[in-house]
Structures are given as C-alpha cells and as structure tokens.
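If you count by our numbering, then the sequence shown holds residues 648 to 871, one letter each, in order.
Check each hint, because a few of them may be wrong.
Pairs of lysine to any residue, SDA-like flavour, derived with a Cα cap of 25 angstroms [unchecked claim]:
id : residue 1 : residue 2
1  : Lys763    : Ile794
2  : Lys763    : His659
3  : Lys748    : Ala660
4  : Lys763    : Val747
5  : Lys748    : Leu847
6  : Lys763    : Val688
7  : Lys763    : Ser846
8  : Lys763    : Gln849
If you anchor each label on the Cβ, the simulated ranges turn out as follows [as the list claims (entries may be wrong)]:
id : residue 1 : residue 2 : range
9  : Ala862    : Gly671    : 28 to 38 angstroms
10 : His791    : Pro702    : 49 to 59 angstroms
11 : Ser842    : Val735    : 47 to 57 angstroms
12 : Gln799    : Gln685    : 31 to 41 angstroms
13 : Val735    : Ala761    : 15 to 25 angstroms
14 : Val787    : Arg682    : 39 to 49 angstroms
15 : Asp838    : Ala871    : 16 to 26 angstroms
16 : Pro778    : Gln669    : 37 to 47 angstroms
17 : Arg689    : Gly792    : 14 to 24 angstroms
Worth flagging that the hints you see were computed from the coordinates, not collected in a lab. The beta-carbon is built from N, C-alpha and C at its ideal position, and this holds for glycine as well.
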Amino acid sequence: MRVAVLEDEADHAALVTQALHQGGHTWVVYDSGARFIQAMVRETFDVMVLDWMMPDMTGLEVLDWLRQLENHTPVIFVTSRDAEEDIVRALSHGADDYLVKPPRAGELLARLQALKRRADGHGDGAVVVGPYEFDPSQSVARLHGEIVEMTQRQFELAVVLFRNIGRLLSRQYLLEAVWGLNDAVQTRTLDIHISQLRSLLQLADNGWRIQSVYAHGYRLETLA
Numbered sequence: 648m649r650v651a652v653l654e655d656e657a658d659h660a661a662l663v664t665q666a667l668h669q670g671g672h673t674w675v676v677y678d679s680g681a682r683f684i685q686a687m688v689r690e691t692f693d694v695m696v697l698d699w700m701m702p703d704m705t706g707l708e709v710l711d712w713l714r715q716l717e718n719h720t721p722v723i724f725v726t727s728r729d730a731e732e733d734i735v736r737a738l739s740h741g742a743d744d745y746l747v748k749p750p751r752a753g754e755l756l757a758r759l760q761a762l763k764r765r766a767d768g769h770g771d772g773a774v775v776v777g778p779y780e781f782d783p784s785q786s787v788a789r790l791h792g793e794i795v796e797m798t799q800r801q802f803e804l805a806v807v808l809f810r811n812i813g814r815l816l817s818r819q820y821l822l823e824a825v826w827g828l829n830d831a832v833q834t835r836t837l838d839i840h841i842s843q844l845r846s847l848l849q850l851a852d853n854g855w856r857i858q859s860v861y862a863h864g865y866r867l868e869t870l871a
C-alpha cells in the first residue's frame, strides 16, 4: 500500500511513518498543502493521511480540492482536533475516517487497510470484468474462460490495472505495486510489461485499452 502523508510536524510524521514501516507499506510525507496538491497532480496513492492544521492551508481545504477534482482516494484525518463538530465537518466534506493524535500504530494500520479494501471493492478475491477473470489465489488469468499464460509480474500488473479501471496510475505507483522497492527496476521494464499485456489480453479486440499519459503513467479504460 502506498500512502501520502500531509504533516508538517516531524515528530507526528514519524509516528505515522513508523506504523507504515511496521506494516510493510511505502509512503511520501508532504510538509505543506501546496506541495501535497502539486504532487497529487502527477502521483498516485492508495490512501491519504491528512493533518488539519498546516502552515499554508488546512487539511480540509486540501480535501475539498481533491474531491472537486474527482479524486476519490480514501482519506483519513489524523489530527489533534478532537471536537465532535470537527469530526462531523471532516466527514461531511468527504473524509473517510478520523483519528485523534497520537494514533496507535495498530489501529492506524487496521483503519488504513480497511479503507484500501473498501476502495478496491474486491479485497484479495477474484477480479471479474467482462470477459476477463483474474484469480489472485492461484495467479490465474482467463479470457472468455480460457487460461491466459502470463508471468507473475504480468499477472500482478493486470490485477492492479483492472482494480483501478478509469484511474490514472503513476509509473511510481505501478512499479512499487508490482516490483516493490527495487531501485534496479527501470521504467522501461514497466513499458514492456504494459505492451505485453495489450497483446496477451487482446485488449483492443475486447473493447479495452491501456492509455499512456505522457510524463505520468497509465490508465485502463474502455474504448469509446
């Protein structure tokens, strides 16, 4: 799971990132709302952790910006504001969860994982879209009921794409999701795997395409 953290206080950021490290997740910390917003234009995350009070703008304003741009990535507030009216306000603006500082590591991880499962809509179960079926428990892909021979990396990449139909996924997000934190993996490797998937899954013949978005990444979408 890749997590964006909006937090300007180093000690509080450390509490969150230590929990993420324990859970085996990756993260990027942003210390201002402006930097966070700038990054969201080109980056992709599974979940976002927002503080309320920031030097330049509030976490609530950042959330409003996200939702206005139809960015529905799950958001959890982790903030010192504990008034009921603040919690209600954040949730009514589109936040998915709310924790008061300091967060307990186990609880924070559990809530983040629950948000990701809810967003996926599939958990670790099979992904079935039209003629395509992907079974993560056996790493088996089928097209019109026939098994498609794929490598493990090809399969994992296909599952990520089909779980995020219509969503623009950054190259970094895809690399981390499929290859993990491996600096030796080049973006060219991702490009090659994308090309292979187009052919293996006969996407164009079945009304689908993987759209390349310059300087950003890829998006799986139906052909208009």
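To see whether the hints hold, each was checked on the structure:
1. Lys763 <-> Ile794: 28 angstroms, violated
2. Lys763 <-> His659: With a Cα-Cα distance of about 22 angstroms, the restraint between Lys763 and His659 holds, given a limit of 25 angstroms.
3. Lys748 <-> Ala660: Holds, because 11 angstroms separates the two Cα atoms, which is no more than 25 angstroms.
4. Lys763 <-> Val747: Status holds; Cα separation ~20 angstroms.
5. Lys748 <-> Leu847: At roughly 48 angstroms apart (the allowed maximum being 25 angstroms), Leu847 and Lys748 break the hint.
6. Lys763 <-> Val688: At roughly 20 angstroms apart (the allowed maximum being 25 angstroms), Val688 and Lys763 satisfy the hint.
7. Lys763 <-> Ser846: 30 angstroms, violated
8. Lys763 <-> Gln849: The hint is violated at about 29 angstroms.
9. Ala862 <-> Gly671: 28 to 38 angstroms: About 29 angstroms separates the Cβ atoms of Ala862 and Gly671, which means 28 to 38 angstroms holds.
10. His791 <-> Pro702: 49 to 59 angstroms: 55 angstroms Cβ-Cβ, so the 49 to 59 angstroms window holds.
11. Ser842 <-> Val735: 47 to 57 angstroms: Holds: the Cβ-Cβ distance is about 49 angstroms, inside 47 to 57 angstroms.
12. Gln799 <-> Gln685: 31 to 41 angstroms: At roughly 35 angstroms between Cβ atoms, Gln685 and Gln799 fall inside 31 to 41 angstroms, so the hint holds.
13. Val735 <-> Ala761: 15 to 25 angstroms: 20 angstroms, holds
14. Val787 <-> Arg682: 39 to 49 angstroms: At 42 angstroms between Cβs, range holds.
15. Asp838 <-> Ala871: 16 to 26 angstroms: 24 angstroms, holds
16. Pro778 <-> Gln669: 37 to 47 angstroms: 40 angstroms, holds
17. Arg689 <-> Gly792: 14 to 24 angstroms: 39 angstroms, violated
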